[in-house]
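Novice: The primary structure of each chain is shown beneath.
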Amino acid sequence: MNELIEPEVAERVLRRALAGGGEFAEVFCERGARLTLAIDESRIESVQSGASAGAGVRVLSGGTTYFAHVDGLDPDDLVWAAGEAAAALHAGSAEPRPLRTEAVTPQPIELRPADVPAERKAELLRELDSRGRSAGSEISELTASYAEVRREIAVANSDGLLSGDDRTRVRIGVQAVARRGGEVQTGSETLGGHRGFELLEDDPGAIAEAAAGKALTLLDAGAAPAGSMPVVIGGGFGGVLFHEMTGHGLEADHVQKGASVYAGKLGAQVAQPLLTAYDDGRMPNEWGSDSIDDEGAPTRKTMVIEDGRLVSFLYDRLTAARDGVAPTGNGRRESFRHLPVPRMTNTYIAPGDAEPEAIVAEVEKGFYAASFAGGQVDPATGDFVFGVSEGYLIEGGRVTRPCRGATLIGNCLEALLAIDAVGNDFEMKTGVCGKAGQKVPVGTGQGHVRVRAMTVGGTEL
Amino acid sequence: MIELARRAVEATVAAGAGDAEAYASEDAEREVRAHGGAVESLTAATRRGVGVRAWIGKRAGYAYGTDLSDAGIRALAARAAETARIADEDEFAGPPEPPLRLSPDIGGESAPEWPEALDLSDASIGEWSADRVAELALRIERAALEADPRVAGVEQAVYADSAERIAIVSSTGIEAEYERTGCYGYTQALAEGEGARETGLGFGLGLGPAALDAAEIGREAAARATEMIGAGKPASRGCPVVLDATVAASFVALIGRALGADAVQRGRSPFAGLAGDAVADEAFVVHDDGLDPAGPASSPVDGEGTPRRRLALVEAGTLRTFLYDTYTGRRAGTSSTGSAGRAGYRSQPSVGASNLLVATGDLDLEGLLAEAGDGVFVTDVAGLHSGVNPVTGAFSVGASGLAIRAGETAEPLREFTIASDLVSMLKAVRAAGSVARWVPFGGSVRTPPLLIGEMTVAGS
Numbered sequence: 356m357n358e359l360i361e362p363e364v365a366e367r368v369l370r371r372a373l374a375g376g377g378e379f380a381e382v383f384c385e386r387g388a389r390l391t392l393a394i395d396e397s398r399i400e401s402v403q404s405g406a407s408a409g410a411g412v413r414v415l416s417g418g419t420t421y422f423a424h425v426d427g428l429d430p431d432d433l434v435w436a437a438g439e440a441a442a443a444l445h446a447g448s449a450e451p452r453p454l455r456t457e458a459v460t461p462q463p464i465e466l467r468p469a470d471v472p473a474e475r476k477a478e479l480l481r482e483l484d485s486r487g488r489s490a491g492s493e494i495s496e497l498t499a500s501y502a503e504v505r506r507e508i509a510v511a512n513s514d515g516l517l518s519g520d521d522r523t524r525v526r527i528g529v530q531a532v533a534r535r536g537g538e539v540q541t542g543s544e545t546l547g548g549h550r551g552f553e554l555l556e557d558d559p560g561a562i563a564e565a566a567a568g569k570a571l572t573l574l575d576a577g578a579a580p581a582g583s584m585p586v587v588i589g590g591g592f593g594g595v596l597f598h599e600m601t602g603h604g605l606e607a608d609h610v611q612k613g614a615s616v617y618a619g620k621l622g623a624q625v626a627q628p629l630l631t632a633y634d635d636g637r638m639p640n641e642w643g644s645d646s647i648d649d650e651g652a653p654t655r656k657t658m659v660i661e662d663g664r665l666v667s668f669l670y671d672r673l674t675a676a677r678d679g680v681a682p683t684g685n686g687r688r689e690s691f692r693h694l695p696v697p698r699m700t701n702t703y704i705a706p707g708d709a710e711p712e713a714i715v716a717e718v719e720k721g722f723y724a725a726s727f728a729g730g731q732v733d734p735a736t737g738d739f740v741f742g743v744s745e746g747y748l749i750e751g752g753r754v755t756r757p758c759r760g761a762t763l764i765g766n767c768l769e770a771l772l773a774i775d776a777v778g779n780d781f782e783m784k785t786g787v788c789g790k791a792g793q794k795v796p797v798g799t800g801q802g803h804v805r806v807r808a809m810t811v812g813g814t815e816l
Numbered sequence: 071m072i073e074l075a076r077r078a079v080e081a082t083v084a085a086g087a088g089d090a091e092a093y094a095s096e097d098a099e100r101e102v103r104a105h106g107g108a109v110e111s112l113t114a115a116t117r118r119g120v121g122v123r124a125w126i127g128k129r130a131g132y133a134y135g136t137d138l139s140d141a142g143i144r145a146l147a148a149r150a151a152e153t154a155r156i157a158d159e160d161e162f163a164g165p166p167e168p169p170l171r172l173s174p175d176i177g178g179e180s181a182p183e184w185p186e187a188l189d190l191s192d193a194s195i196g197e198w199s200a201d202r203v204a205e206l207a208l209r210i211e212r213a214a215l216e217a218d219p220r221v222a223g224v225e226q227a228v229y230a231d232s233a234e235r236i237a238i239v240s241s242t243g244i245e246a247e248y249e250r251t252g253c254y255g256y257t258q259a260l261a262e263g264e265g266a267r268e269t270g271l272g273f274g275l276g277l278g279p280a281a282l283d284a285a286e287i288g289r290e291a292a293a294r295a296t297e298m299i300g301a302g303k304p305a306s307r308g309c310p311v312v313l314d315a316t317v318a319a320s321f322v323a324l325i326g327r328a329l330g331a332d333a334v335q336r337g338r339s340p341f342a343g344l345a346g347d348a349v350a351d352e353a354f355v356v357h358d359d360g361l362d363p364a365g366p367a368s369s370p371v372d373g374e375g376t377p378r379r380r381l382a383l384v385e386a387g388t389l390r391t392f393l394y395d396t397y398t399g400r401r402a403g404t405s406s407t408g409s410a411g412r413a414g415y416r417s418q419p420s421v422g423a424s425n426l427l428v429a430t431g432d433l434d435l436e437g438l439l440a441e442a443g444d445g446v447f448v449t450d451v452a453g454l455h456s457g458v459n460p461v462t463g464a465f466s467v468g469a470s471g472l473a474i475r476a477g478e479t480a481e482p483l484r485e486f487t488i489a490s491d492l493v494s495m496l497k498a499v500r501a502a503g504s505v506a507r508w509v510p511f512g513g514s515v516r517t518p519p520l521l522i523g524e525m526t527v528a529g530s
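Top to bottom, those sequences are chains A and B. For our numbering, add 355 to where a residue sits in the first sequence, where the first one is 1. For our numbering, add 70 to where a residue sits in the second sequence, where the first one is 1.
Treat the hints with caution; some may be incorrect.
As the list claims (entries may be wrong) - Here are the simulated distance ranges between beta carbons: (1) E719(A) <-> E524(B): 23 to 33 Å; (2) G300(B) <-> E717(A): 34 to 44 Å; (3) D470(A) <-> L188(B): 27 to 37 Å; (4) L629(A) <-> E352(B): 17 to 27 Å; (5) G243(B) <-> E450(A): 51 to 61 Å; (6) D557(A) <-> G302(B): 30 to 40 Å; (7) L188(B) <-> D431(A): 48 to 58 Å; (8) F511(B) <-> E717(A): 22 to 32 Å.
In case anyone wonders, no lab produced these hints; they're calculated from the structure. Where is the CB? At the ideal position from N, CA and C, for every residue including glycine.
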């Protein structure tokens, strides 16, 4: 299926990689093309076009991974990388198995972004700019960005696998700034998918109005409360809470090093029975989806929490072999310059039974985190922190005034157990997740959920 | 490298650009990850590529690529010109002008602004074999384990280095080329006690492996992890806070970003409109110095070929200057301060700090804690990318550390937040410590610990 590497070249590279011994060798080839542009001060700028190609070769031997990568896809480049990876190995050579090509169906792309005239992309940004600015006279600045990326990959290994994928992603984002006197607030919104330009056929300008609306709402914000209280988390990007506080701790590399609070907890009740969660790399055209992972394993839907019980970790090839289980298709890498590690794809809490309004109505005094700016967790201790980009007080069972500058902080074992309501609404959002210096696109999702008690770090004591 | 950059500039002008600038780089890098007394992974790599800025009239565009054949460079040049045609006109857009001839080996008059003595390469990188740097990573892990019986392991001990050569050429006559090396080592120790697990980071950096102290990196990780055993939440209150050097550096890096003229000119910096105003207590002094021989971000020229220099940013409590590149300098009616940052050939230059140096004060750490009396010693922060509003400087970030009681460190604390805004925090600095260290988190910063008079601490 792909022209990145000829089977004969792949076999030659794998043979060179195993020339000094080793149990396993792999070559990962990639050709990438991207275009990004932005509008700022109502002017199209920062137009950037990138084209890159390269390969990474790894050899596994006695528990050590030997890895080399190179810019360029000439057979000479690939053989050089194989030689570098094998340089420290001096045992007898091992023989790769004959390659068999796997048939892979990439995610369907209707309209290739590269076939759309650049002027249409510039027009799209002008529309975002005018829609956001006309949302209110207090919108003082607006920036919007457009990004398209195509990554063709091929992976061949000494077990005889030869596979590939063709990935196209499009994403737009808007950040609006609202001012009233000395008060300044920001609001942002994004839309993205593993999709072609057809992603933007259905009123993309709505995200500009949503971003501007958030900034305008926050102009009326008061100080955020400080202290422990019930917290209702919004749908969509609220799922970053689950991604950070639980998802990272389920990645098998952390688990196997004892650097996850979920180590040794397989089968244990880690949440209330109302909570079921998945990692699903096959959701059609979703931002975190791929047809195969970056080791050639087909992506799949993995239930990680079933009725509150921990039922699976997320594996790449190496960690799956260590646990004696099948890989879950979570071996991902930012590019050919990186080694694959277990990563989430699209991670979400499945819809529950509760009406979102009822979840709020049961809270006498609490905090509503409608959306987050992002979050961070230490998987080893489970300590997490989230920046709230849009937050409100809950008073007498109703969402009341907006709050600025709140942070949520806690420990994931306690906070996951403290989720006592899961809404029947559901939404997916796009994110970019960083781990071990590698960024990959991930989807996060959920409906409204409520945490019985959580620390809100505001300034109002 | 310089020949490649020249070729790219010529091709871009031939493709229809009025002016062009090329940034070409090539590097060799390696990385060792150790765990459990064994090498987990060993990486060797090369990168090479070129990025081109093209100007057509008042329109600017950018393209990069890794195909360095003649056909590849022609295709890259065509893409660069095409991106410029998509952009709108901007009256301040245009290539940097050369202040003087820059490359010392091109001949002619030697350029007084060229920092001849700036040696940023350490030969030990080339001299240390893969086995020897692997042993360094293993020693970091051993040092962490041997430092304290409560250290149960490390997540990873990592050593990485790189040697790169960079060339910048423009159609306006800039020609610069330089080399630099760099390396770092770190580990995250895991300590166990009182039914919980704690982590602690130890790190070091330098121009080459000979500069790294493996034992000290391991000891620091162990000390940071074990001192957190048994941590509880502090009560919510306003109180004095001492930021250790790693935490202070994270905030200083944020301040450096907010002092970039781009954010200022577009109204997206808490320091906009404050040039010449009082923005800090006199105890807080910070310089940007792109020529510090020990600085991880040092280079003779910035990302568009303008000579680096040393600049006072905040001094005597006053905001002295913003950081300018060519574009923002023109827009402000001044000139570049040599502050065009560059993440590599895959990104166009943008204004930013090089090395930020915070001046030291008279008190050592014990002195700062004594001065604080009763408060919190913050040794780690989390969530800086999501907890700070870059426009207003307001922040609320997760923190952990130790209580300060009667001027000395007491019980460990976790799961709390500290909140303020950048300008209020600078005005509340009461003292800077006497010992500074390099910290590479989110920027390159050399800072001592800082005592802040009051911040909001939110815990239980």
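Novice: When you take the CB atoms of D470(A) and L188(B), is the distance between them in 27 to 37 Å?
Specialist: Violated, since D470(A) and L188(B) (Cβ atoms, about 48 Å apart) do not stay within the stated range.
Novice: A range of 23 to 33 Å was offered for this pair. Does it hold for the Cβ distance of E719(A) and E524(B)?
Specialist: Check passed, 32 Å falls within 23 to 33 Å.
Novice: Check the following: the C-beta atoms of L629(A) and E352(B) are separated by a distance inside 17 to 27 Å.
Specialist: 57 Å, violated
Novice: Could you check the hint for me, namely that L188(B) and D431(A) are 48 to 58 Å apart, CB to CB?
Specialist: 36 Å, violated
Novice: Given a hinted range of 30 to 40 Å, is it respected by the beta-carbon distance of D557(A) and G302(B)?
Specialist: 51 Å, violated
Novice: Do F511(B) and E717(A) keep their Cβ atoms within the hinted range of 22 to 32 Å?
Specialist: Violated, at about 41 Å.
Novice: Is 34 to 44 Å respected by the C-beta to C-beta distance linking G300(B) and E717(A)?
Specialist: 35 Å, holds
Novice: Does the Cβ distance between G243(B) and E450(A) fall inside 51 to 61 Å?
Specialist: Roughly 57 Å apart at Cβ, these two residues keep to the hinted range, so it holds.
In summary, the numbered hints that this structure violates are 3, 4, 6, 7, 8.
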